[in-house]
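Line by line, the protein sequences give chains A and B.
Residue 1 is where the first sequence starts when you use this note's numbering, and the numbers rise one by one after that.
Residue 84 is where the second sequence starts when you use this note's numbering, and the numbers rise one by one after that.
Any given hint might turn out to be false.
Partial selection, computed: residues in chain B whose CB lies under 8 Å from chain A [as the list claims (entries may be wrong)]: (1) Asp-224; (2) Arg-227; (3) Tyr-228; (4) Arg-229; (5) Ile-230; (6) Arg-246; (7) Pro-248; (8) Tyr-252; (9) Ala-320; (10) Gly-393.
Computed far set for chain B versus chain A, every beta-carbon distance over 12 Å [to be verified]: (11) Leu-171; (12) Arg-197; (13) Asp-211; (14) Asp-226; (15) Ser-232; (16) Pro-249; (17) Arg-364; (18) Leu-379; (19) Arg-399.
Don't read these hints as lab results, they were simulated from the structure.
Glycine included, each C-beta is placed from N, C-alpha and C at the ideal position.
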Amino acid sequence: MSDDAVKRRLREFVAQNFYLPDPASFEDGSSFLDRGVIDSTGVLELVSFVEGEYGLSVADEDIVPSNFDSIDALAGFVARKRG
Amino acid sequence: MSSPGGFDLAQLRLGDRASAELDRIGAWLHETVLGTLKRRGVVLGLSGGIDSSVVAALAARALGRERVLGLFMNEGESSDDTARLAHLLADSLGIATVDEDISPILRAAGCYARRDEAIRSVIPRYGDGWKCKIVLPSVLDSDRYRIYSVVVRSPDGVELSARMPPAAYLQVVAATSFKQRTRKMLEYFHADRLVYAVAGTPNRLEYDQGFFVKNGDGAADVKPIAHLYKTQVYELAAALGVPDEIRARPPTTDTYSLPQSQEEFYFSLPYQGMDACLYARDHGVPAAEVAAALQLTVEQVERVWRDIDGKRAAARYLHSAPLTLT
Chain A
1 MSDDAVKRRL REFVAQNFYL PDPASFEDGS SFLDRGVIDS TGVLELVSFV
51 EGEYGLSVAD EDIVPSNFDS IDALAGFVAR KRG
Chain B
84 MSSPGGFDLA QLRLGDRASA ELDRIGAWLH ETVLGTLKRR GVVLGLSGGI
134 DSSVVAALAA RALGRERVLG LFMNEGESSD DTARLAHLLA DSLGIATVDE
184 DISPILRAAG CYARRDEAIR SVIPRYGDGW KCKIVLPSVL DSDRYRIYSV
234 VVRSPDGVEL SARMPPAAYL QVVAATSFKQ RTRKMLEYFH ADRLVYAVAG
284 TPNRLEYDQG FFVKNGDGAA DVKPIAHLYK TQVYELAAAL GVPDEIRARP
334 PTTDTYSLPQ SQEEFYFSLP YQGMDACLYA RDHGVPAAEV AAALQLTVEQ
384 VERVWRDIDG KRAAARYLHS APLTLT
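Make a model of the complete structure from these sequences and hints.
This is the structure we're talking about:
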């Protein structure tokens, strides 16, 4: 799966499970927390999603903003984990 | 402790103003309960903790001890200290009390069974005689998101922990919230039969940061100490003569069957540090000054502030009254 396809799937998951008032203006680099899109329970849902969707094992120390706070960050994390 | 920049933890203290604050709260309680709400007294749950003890003492001082009813609402997982210290407080004030064992209600509602089912979905060995709690990682050690893990201990002392999937985590919290909601239901039973108001006991940290269950301990008619930092609540406790043992007891949640500190469960720091960070966040004190006063790094203070902002955002829903169209 290409990086673009991963980003599309992540965006779809976020849009389906959290409220994006204006999805078009939410960029791949936009911060989930700064924009108020998700809280810590939402982060837990993202962790569960990437584990299930991509067969990854996410360690506790991986659950940091640099891996989980935007679609870009998540896509990068998924790509690194899948090697 | 003060920092070179001038932020001093003493800024949080009432100091000489404690006596005037007692009078101010007392006058407000008297007017609000008897006048505005037209209730004849106050009922509240007594946990043996500092907050409920101070509110009970404030109410007895403002309304007279004969207009205050304290409820003991233990259940099978309450700590032994809870009942003992709650009785100690009630005896010291001379207020009327009622003992309500809430375990049968909780069992009937499925509080324990629903919680345990969710825990077993993560840790299948968890069963009869095991104890549990949920914990957060420290905000001081890394910038990890604060995501709960469940910790369980077997009857022979083996401890296991696991991160919970969202559905299990949400069910554990939802089931456990039966405890706070059951207590509130009983408080309103007694309030209704006596034409009393229900006093809530959150301090400023808890109220601001959403450390309560919506329609559980978050529900009340008056919240007399919701404007006070916990540091200030302790000052009032001393001024009101709350027994030393209650003032010396470390804050606890007393919600899960394993002992659990408030830092494990919710707040980033012990209350003195949380008070300082919350005050600084709201008064424009630079992170470097707070860090110096608390012997933390600037980065750690900024992480605490992010945690404060996140909890404040999540608390908006908790504080929201039912919304209606106009």
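Item to check | Numbers of the earlier hints that this structure fails to satisfy, in rising order | outcome: When the structure is compared with the hints, numbers 1, 9, 14, 15, 16 and 19 turn out to be violated.
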